[in-house]
Amino acid sequence: MSDFDSELDASGLNCPLPILRAKKAIAALDNGQTLKIIATDPGSVKDFEAFCKQTGNTLLSSGEEDGKFLFMIQKAA
Amino acid sequence: MSTRLPGPQRRDSIVQAASRLFADKGFHGVSIDDIAREVDVSPAILYRHFASKQELYDTVLLELACQRESYVEAVTNSGTSFEDVLAGMTRIYIDSIKQNPDLLRIELQSLLEGSSATRDFFDNRWKSFADYIEFGLNERLPYDLQNREITILSASLMFQGMVREALIQKFLQPHDRLEDVDLDELSHELVRLFLRAVGINKSRISRKAVITA
Chain A
1 MSDFDSELDA SGLNCPLPIL RAKKAIAALD NGQTLKIIAT DPGSVKDFEA FCKQTGNTLL
61 SSGEEDGKFL FMIQKAA
Chain B
1 MSTRLPGPQR RDSIVQAASR LFADKGFHGV SIDDIAREVD VSPAILYRHF ASKQELYDTV
61 LLELACQRES YVEAVTNSGT SFEDVLAGMT RIYIDSIKQN PDLLRIELQS LLEGSSATRD
121 FFDNRWKSFA DYIEFGLNER LPYDLQNREI TILSASLMFQ GMVREALIQK FLQPHDRLED
181 VDLDELSHEL VRLFLRAVGI NKSRISRKAV ITA
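These protein sequence lines are chains A and B, in that order. Residues in the first sequence are numbered consecutively from 1, following this note's numbering. Residues in the second sequence are numbered consecutively from 1, following this note's numbering.
Derived by calculation from the structure, the hints in this document are not laboratory data. Predicted model only: the values in this text are computed from it and were never measured. It cannot be assumed that every hint is accurate.
Derived DSS-like pairs: lysine-lysine, alpha-carbon spacing no greater than 25 Å straight-line [stated by the list, open to error]:
1. A:K24 with B:K127
2. A:K46 with B:K98
3. A:K68 with B:K127
4. A:K36 with A:K46
5. A:K46 with B:K53
Some chain B residues flagged as far from chain A (calculated, every beta-carbon gap over 12 Å) [what the hints assert, rightly or not]:
6. E73
7. N100
8. P101
9. T118
10. K127
11. G161
12. H175
Covered, in the sense of this in silico footprint (three residues per stretch, anywhere, with C-beta under 8 Å from a C-beta of chain A), are these stretches of chain B [as the list claims (entries may be wrong)]:
13. 75-89
14. 130-143
Heads up, the beta-carbon is just placed ideally off N, CA and C, and yes, glycines get one too.
Could you put together the complete structure from these sequences and hints?
The structure is reproduced here in structure tokens:
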């Protein structure tokens, strides 16, 4: 995984809590900065794709590691 | 004679027809012959896909119980306040039952039958609300509140019971009183009363939070 500016652990949370927390965490970032998110809800894969599509932020990567879902989102410039 | 369909497509059509019939008449009110007739195939073809009526019923239960709603729009379409997101989630949930009341019918049946799918219905359909309310109230309620844990749990149960009862009245046994009730207004009012009950006195929930179908 590449560098990131902030990290959010949303393990154990169901939609929409991971999305809501990500939205708040992204609001605190500068444009172009990156947020790393860790989640366990399988629905989060589709949810973060939809979230980025709707907000214009970039989903740099989306993957699974040891039963956890990892996402890197770059705040839109 | 029915049209020939590829295996997976035929299986889907059987599950869909079975789902409608089981939702209407329950497990014991439906026979394999009824389902075969509905899909326009012979019982022999149906048995190629499902070994028994029980296996087909379990498949229907699991399929409906694992259907999740996405609440992304409840977050992106409005503010991030506890009340706005809850209002958006509620509207999305109500819409899902409006689109497919069988989700609620089968959930209630599985509850009465003591089926293990009840747990799946909770995990996939209600846990989002339970988590959201319990986390939200945990952050908001004073830490020295008496019986804090049970208060939070009761609030979460109250919300689930309130929404479920409204959905039963509205979609499963249309009642004269509810016939003309607008879904946006119903959803908005349920959330407003809930917020007042848990001591969040915000009289105005952002109208944007109520997502129109």
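Outcome of the hint check:
no.: 1; hint: A:K24 with B:K127; result: 22 Å, holds
no.: 2; hint: A:K46 with B:K98; result: 23 Å, holds
no.: 3; hint: A:K68 with B:K127; result: 19 Å, holds
no.: 4; hint: A:K36 with A:K46; result: 16 Å, holds
no.: 5; hint: A:K46 with B:K53; result: 33 Å, violated
no.: 6; hint: E73; result: 7 Å, violated
no.: 7; hint: N100; result: 18 Å, holds
no.: 8; hint: P101; result: 22 Å, holds
no.: 9; hint: T118; result: 17 Å, holds
no.: 10; hint: K127; result: 5 Å, violated
no.: 11; hint: G161; result: 19 Å, holds
no.: 12; hint: H175; result: 31 Å, holds
no.: 13; hint: 75-89; result: holds (count 5)
no.: 14; hint: 130-143; result: holds (count 3)
Of the hints listed earlier, those the structure fails to meet are numbers 5, 6 and 10, in rising order.
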